[in-house]
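Heads up: the sequence lines are chains A and B, in that order.
Just so we're aligned: 281 in my numbering is position 281 of the first sequence, and the numbers increase by one with no gaps anywhere.
Just so we're aligned: 168 in my numbering is position 168 of the second sequence, and the numbers increase by one with no gaps anywhere.
Among the clues, some could well be false.
[What the hints assert, rightly or not] The calculated label-pair distances, taken between Cβ atoms and stated as ranges, are:
1) B:K224 x A:A263: 48 to 58 Å
2) A:T111 x B:V240: 29 to 39 Å
3) B:T22 x A:T61: 30 to 40 Å
4) B:N225 x A:K39: 49 to 59 Å
5) A:P258 x B:E45: 33 to 43 Å
6) B:E45 x A:T61: 11 to 21 Å
7) A:D136 x B:T30: 21 to 31 Å
8) B:R49 x A:T111: 26 to 36 Å
9) A:S375 x B:M29: 26 to 36 Å
10) B:D57 x A:E91: 53 to 63 Å
11) A:E159 x B:P61: 18 to 28 Å
12) A:L268 x B:E45: 46 to 56 Å
[Said to hold, decoys possible] According to the in silico footprint, chain B covers these stretches of chain A (three or more CB under 8 Å from chain B):
13) 40-52
14) 185-196
15) 237-245
16) 400-409
Calculated directly from the structure, the hints in this document are not laboratory data.
For every residue, glycine included, the Cβ atom is placed at its ideal position computed from N, Cα and C.
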Amino acid sequence: MTRGHMTVQRASRMLAVVLLLIVAATAAVSLAASTARGKLVLAWHAGFASRWLDPQEHDGTATPDNFFTALHDALVKNQGTALYDHPALAERFSVATDAKSATYTLRKGLTFHNGDPVTPQDVKFSYESYRGAKADVFKSKTERVEVVDDRTVRFVFKEPFLDFAILFGTANVAAPGWIVPEKYYKQVGPDGFKQKPIGAGPYKLVRHEPGVKIEMEAFDGYYRPVHVKQLVMQSVPEAATRVAMLERGEADLIYNVPGELIAKVGKLPGVTLAPVLSGSFFLEFPNFQDPKNPFRDKRVREAVSLALDRRAMNQAETGGMGKPTGNWINDDVQYAIDWPEFPRNVEKAKQLLREAGYPNGFDVAWVTPLPAFYSRGERIIAQLREVGIRGRLQTMERGIFFQKLRGGLKEWPGVQMILHGVRIAGSWSFWYEANFKCGGSNSRDRVCVKDLDAKFEQYEHSVNPAERKKLAEEIQRAILENYYLVPVFRHAFVNAIGPRVIAQKWQDVFPTITTGYAYPWEELKVKE
Amino acid sequence: MARFVVRRVAYSLVTLLILSATIFLIVRMTGDPVLLLAEASASEEDLDRVRHQWGLDRSWPVQYATFMQNAFMGELGKSFNYRLPVSELYFQRLPNSLLLGLSATLISLLIGVPAGIVSAVKVNTWWDNVAKGVALLGLSIPGFWLGLVLILVFSVWLRWLPTSGAGDWRHVIMPALALGWYFAASMLRLTRSSMLEVLGSEYIKLARLKGLPDVVVIALHAFKNALIPVFTLAGVNLVVMVNAAVIIEVIFAWPGIGRLLYEGIFQRDFPLVQGVVIMAGFMIVGINLVVDILYALIDPRIRLTR
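The shape of chain A in the complex, shown without the other chains:
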């Protein structure tokens, strides 16, 4: 055999192998593409805000993750039972033992919806140009972002930043770790991006009718299989219309079934209710330290707790699907402590009030519930009346409520009670910081317990996880034992799943414990 003949033979073999590889790759791609089938329609319970499509302007609430998790992706995120460290675009990450840096390694072959590769430079851009919730915290603590190699990026901090990983990885707290394509973002600008966002998430945008509808299609280049081909999110503010859509098969998922419709939806054939535990409702006594304020006496605050019928509240407000709780902080955050459900004992409550010098009870100027949960405020007023505490309901528009919260004590003169409803993921400290700390973003100067704030300061500066955990538990215990805040119950965000969605139980569709929404979207399946 000649040498030339051998070369030709080898070349032919190589060509055959290459062809085979191409065929196999094409088959694999088409197989991946063809796994996504069908259409899923979500009836969303409110309007749409365009900023919810741009992680760079995360508003610090739970709402945007419903959209981020479809269109975009993060390095790590909260998903399933992982509170903040589910590997997503990053296949792994590590935080230095001194907590002064964190290193993330991207998966291989990641692309955005427009085909551009996801690079460490995009990560750096997304982090550095991020201007949403907690941006000031990240900026003040970060010294620099280093692109280590073509898949690795390192965040270097000025001081130990123990909460970095948890803040960075919790979608409903902040989003500097949600990656946007630098080139495209700069090209279209922030407002243009909000109209036509391009991300690296499981779904790419097909059509966006601002405020009305978002149509998406499975992204073949996603690193996980995406099962449903078309995903449509439609704004349907009226609850009865959402239920009718589900009943008629026009929607496969509906969010926020109100209490009065829960029983009806539960009886629909093939429909499954999904009562996702959500925000925690608790009572606050503004200015309780004032000597003239009856709530200054711990016995009075305890009497309030004893007067509450939490189970009746849960039954009436969420069809019994919520959870009467012991702690005012959700149990799905770091260092939250378990606390038994507070008992109801009207007689003991009356006795405590007598001992505190209020045998005939007293008047509360206003009981103000978080808008628009007015019926919960009414129930609390009715329950407190049984022990002689006479309150009047104050209702206000949501924006005004937050404005007054931010206004501090001067906005809540006299004897008042506030019924809060809060959901924050990540860490217990975010709850304390916003709703209890003196000077906190919502608590302002209404609640100031100096010794607990001092402990919290210690917690913030500690780099010892064991010490932090101990302090976190001590602070939470002190709040509960002293009834500084009185937990009421944990609200159920009741959703419903239509018969076309493949699920054995509702948790298959709502597996992420830190949210009320149905992500990860790529895991959902519908019948043909």
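Following the hints, position chain B against chain A.
Same frame as chain A, but now just chain B:
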């Protein structure tokens, strides 16, 4: 005639100016929109930054002057919530609202006018009583309730029509019926009273004395004259339906201007609310102006007495 037109145009402009100032003040009296735009835990510095970004840190007179200056150039500002020019959003939604408004107007005319005529012609008979009953129901049944009942019956039970949203002709039927129902009642009442007035007039009596058949008297002599106020009302109703069908659009998730206004109000989206109200005002004032001028052309007494 020219003086009359100039005067009417001047009145219209003053009306629009008053409207713009009123809506400008009212939306600002509802509170600070920045609290709804920024995250719950935003610092004061963050809030100030957002205020500056949207020009809300300037004094109200300066903001109003800027708004009016832009409005004269046809620019109604940029929506806080959607980050799009308000005019773009408005014209995106306008075709849907026009479709809904025209369909509802048609329904209100088809129900209200014939029923009003029959009621007037058969006055104080059971026909009249039925028609008056329909008018009473039309005016007293809330649109949101009727909408929900329609959804229940035609979408859920009978499965004939889609529950909500916009798409083909089937999507329009229920919202148009729910919206047109109320206006049909007012049409019915106006047609009835207008017909009764015309039927009692001298020229109708003369026509009857001449021995003309009732059908001819009603159709050719009474009906034409009685319709003038009815169609004037229909025109104004159409503008209201196009711009302010808030509840019906929310119930049926209809992507129209009313829902845009609703979302704007809830989000304290000042530019959006101002823009929608100004456009609605512009339409109403414009239609009234045209009607006034047409009246003046038809009836010279009007331009002489006003």
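Status of the hints after comparison with the structure:
Range check, K224 (chain B) to A263 (chain A): about 56 Å between beta-carbon atoms, so the 48 to 58 Å window is met. Between T111 (chain A) and V240 (chain B) the CB atoms are about 51 Å apart, so this pair departs from the stated range of 29 to 39 Å. Separated by about 33 Å at the C-beta atoms, T22 (chain B) and T61 (chain A) satisfy the suggested range of 30 to 40 Å. Range check, N225 (chain B) to K39 (chain A): Cβ separation about 56 Å, and the 49 to 59 Å hint holds.
Distance hint check: the CB atoms of P258 (chain A) and E45 (chain B) are about 38 Å apart, consistent with the given range 33 to 43 Å. Against the hinted window of 11 to 21 Å, the Cβ-Cβ separation of E45 (chain B) and T61 (chain A) comes to about 19 Å, which satisfies the hint. For D136 (chain A) paired with T30 (chain B), a C-beta distance near 28 Å keeps the hint of 21 to 31 Å intact. One distance hint, 26 to 36 Å for the beta-carbon pair R49 (chain B) and T111 (chain A), holds here, with the actual separation near 34 Å.
For the pair S375 (chain A) and M29 (chain B), the beta carbons lie near 28 Å from each other, so the given range of 26 to 36 Å is met. Take D57 (chain B) and E91 (chain A): their Cβ atoms lie about 45 Å apart, and the range 53 to 63 Å is violated. Between E159 (chain A) and P61 (chain B) the Cβ separation comes to about 47 Å, which falls outside the hinted range of 18 to 28 Å. Separated by about 49 Å at the C-beta atoms, L268 (chain A) and E45 (chain B) satisfy the suggested range of 46 to 56 Å.
Residues of the segment 40-52 of chain A with a Cβ under 8 Å from some Cβ of chain B number 4, which satisfies the need for three, so the listed coverage holds. Against chain B, the segment 185-196 of chain A contributes 4 residues with a C-beta closer than 8 Å to a partner C-beta. That satisfies the three-residue criterion, and the hint holds. For a cut-off of 8 Å, the count of residues in the segment 237-245 of chain A with a CB near a CB of chain B stands at 6, and the three-residue condition holds. With 4 residues having a Cβ less than 8 Å from any Cβ of chain B, the segment 400-409 of chain A passes the three-residue criterion, so the hint holds.
The structure is inconsistent with the numbered hints 2, 10 and 11, although it conforms to all the rest.
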